[in-house]
Amino acid sequence: MNRLETRGVLLFLALAALAPLVITDQFFIHVMVMVFFYAILASSLNLTVGFVGELSLGHAAFLGIGAYASAILSTEYGLPALACIPVAGLLAALAGLVIGLITLHLEGHFFVLITLAFAEVLRLIVNNWIEVTRGPLGFSSIPPPRLSIGGHVLMDFSSRVQFYYLALAVLAVTIGVVLLYAQSAFRVGAVAVRENRRLAKAVGIDPFRQALLTFVIGAFLAGMAGSFYAHYITFVGPEVFGFSFMVTMLMMVALGGKGTVLGPLLGALLIGVALEYLRFINEIRLSVFGILLILVTMYLPQGAIGLLAWRRMRKAGIVKVSAVTR
Amino acid sequence: MPALLAIDNVTRMFGGVVAARDIAFELQRGEIVSLIGPNGAGKTTLFNIITGFVKPSSGRVHFDGADITNLKPQQVAQRGIVRTFQITNVFSGLTVGENLRAAQYLRLTGPFWRTMLGLSDARDRQEAADRDAAELLRVVGLEHLRDETARNLAYGQLRLLEIAIGLAASPKILLLDEPAAGLNSEESARLVELLRWLCRERGITLLLVEHDMSVVMSVSDRIVVMNFGQKIAEGVPEVVKQDRRVIEAYLGASLDEDDGAANGMNADA
Ligand SMILES: Nc1ncnc2c1ncn2[C@@H]1O[C@H](COP(=O)(O)OP(=O)(O)OP(=O)(O)O)[C@@H](O)[C@H]1O
Ligand SMILES: [Mg+2]
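These protein sequence lines map, in sequence, to chains B and W.
Residue numbering for the first sequence follows numbering that gives the first Met the number 0, starting at 0 and increasing by one per position.
Residue numbering for the second sequence follows numbering that gives the first Met the number 0, starting at 0 and increasing by one per position.
Hints may be right or wrong, so weigh each one.
[As the list claims (entries may be wrong)] Derived coverage of chain W by chain B (criterion: at least 3 residues anywhere in the stretch with Cβ under 8 Å from a Cβ of chain B; other residues may be distant):
1) 75 to 83
2) 86 to 93
3) 107 to 118
4) 162 to 174
Quick caveat, the hints were computed from the structure, so don't treat them as lab data.
From the three backbone atoms N, C-alpha and C, an ideal C-beta is built for every residue, glycine too.
Can you build the whole structure from these sequences, using the hints too?
Here it is as structure tokens:
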């Protein structure tokens, strides 16, 4: 973590907090809510993909579990939406623990395939376990959050701007967790495993525990994102487990810059805005992202943030770029 | 006093090859012991067995009285046995400073929340670790390269970095697999100084695999000699040097440090 990056993150949050005071356009507010939602997802995925260096294609599973947990808890059990968000996070973290215990012993391609399979199996279960999940119909009319103190309603989330600040709050929590992680010894361990697994073991780092810890934190954050999504969109169906979300968040991590804190935020902003303003892309989203992913991997392996750092260093007369942003 | 490390009749086969047969020897606290032998003698295999990277076909390894034979590599390291690799192994994408930081992982981490929140004890640990890393870099002479990415280092510097990485993990026993390979004579001399300093100042016990006889003869308290997977001799340098089987194993090359023995030992490489 360098200073530049911390400043970038704080600037992002500050601008986001002030933006609705200046821009009141409803569609813009909606776009930004989606950007924040994607930013939470991308940041959580980045923990495993960027810091540990394991490509998890099952991350949508935690988004889905969070979304469904929230849908069921609020519609069937009347749990308030604001309580649903942390609970959904914890349930997703529990799922992350179970899935992680099974998959993180696998390395490379096997891990990639099995995590993908997990998300797919969950999607099939949700599609077919009609008594609990209502199958393909999904849950609609999921109640909005409500914030009241002693019967006095502070926020009833009847306006978009209130969702905007809720999304921003969950994003701020996410960024806080990611920043703490990135500055802790856990990141050091994860990066060591990513760089040289054998040497990491030789100095006493347990690659499995390291990856599991990171994986579970990521699952928790993605679960909260899923819960927010359920209450914002008010509808949850099996597609939350789908590959489309997965590819979208992966693209955001890759384009923004993996293994950094600011990168996934930039990626979510660039791609989130593009997705909402260029609706026609949605139809061909997978093909466009596929091509973009190849291009980014080939020509911009450090992502947009790498480009920034590089330009800055070149100005200062240093052209080398360390693989890790400190 | 019981031995710090005891290798009890360890055997390891790879298919038909017996890489180690019935090997037994001990390390006492604070000793420098060298493990020598021609190429393919089984030295690296023994390192792998001690550090949990390879399981022996039979036999046990005891450390500080406890059986560590079936521990995983990271568990062995957590107990205080750290090794370097024959083929250079660093965290090449990280800077020199980050390499040491990674090796200090164990002492930088505590319970989940304390580590995540970077509470005061975590910060104290961090500061102590930073001071230690700075000292290690000074000792191996890499302090000016702290912010350099490891992959940009020269070969000799990498080998020194590897030793610093091993030390940063605060080992009780450090196993070095051919640390002098590829070093020039000036760097070798520095290495010898470093190894002595380690034992004297840090009380670290050293097991060294090394082909460079000038290094071996000048630092070792004892020498264990292997050939074709078997231990053929053990003793103080003066005695081992004159052992008939040892001389035969090296095809008659003299083991005197000042007449090019190192070259003779690598003749079959
Ligand atoms: N993983 C393995 N699979 C198969 N055979 C192996 C394996 N590791 C070692 N061997 C064999 O065991 C024998 C001993 O090898 P080892 O690497 O321990 O020798 P060494 O004494 O370290 O040699 P050198 O001085 O060349 O490093 C060799 O015949 C080697 O081919
Ligand atoms: Mg060897």
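The hints, checked one at a time:
Restraint check on the stretch 75 to 83 of chain W versus chain B: 5 residues with Cβ-Cβ distances below 8 Å, three needed, restraint holds. Residues of the stretch 86 to 93 of chain W lying with their CB closer than 8 Å to a CB of chain B number 6, which satisfies the three-residue condition for coverage. Evaluation of the coverage hint for the stretch 107 to 118 of chain W: fulfilled, as 7 residues show C-beta separations to chain B shorter than 8 Å, against a requirement of three. Only residues whose beta carbon comes within less than 8 Å of a beta carbon in chain B count, and the stretch 162 to 174 of chain W has 4; three or more means the coverage holds.
When held up to the earlier numbered hints, the structure conflicts with none and fits them all.
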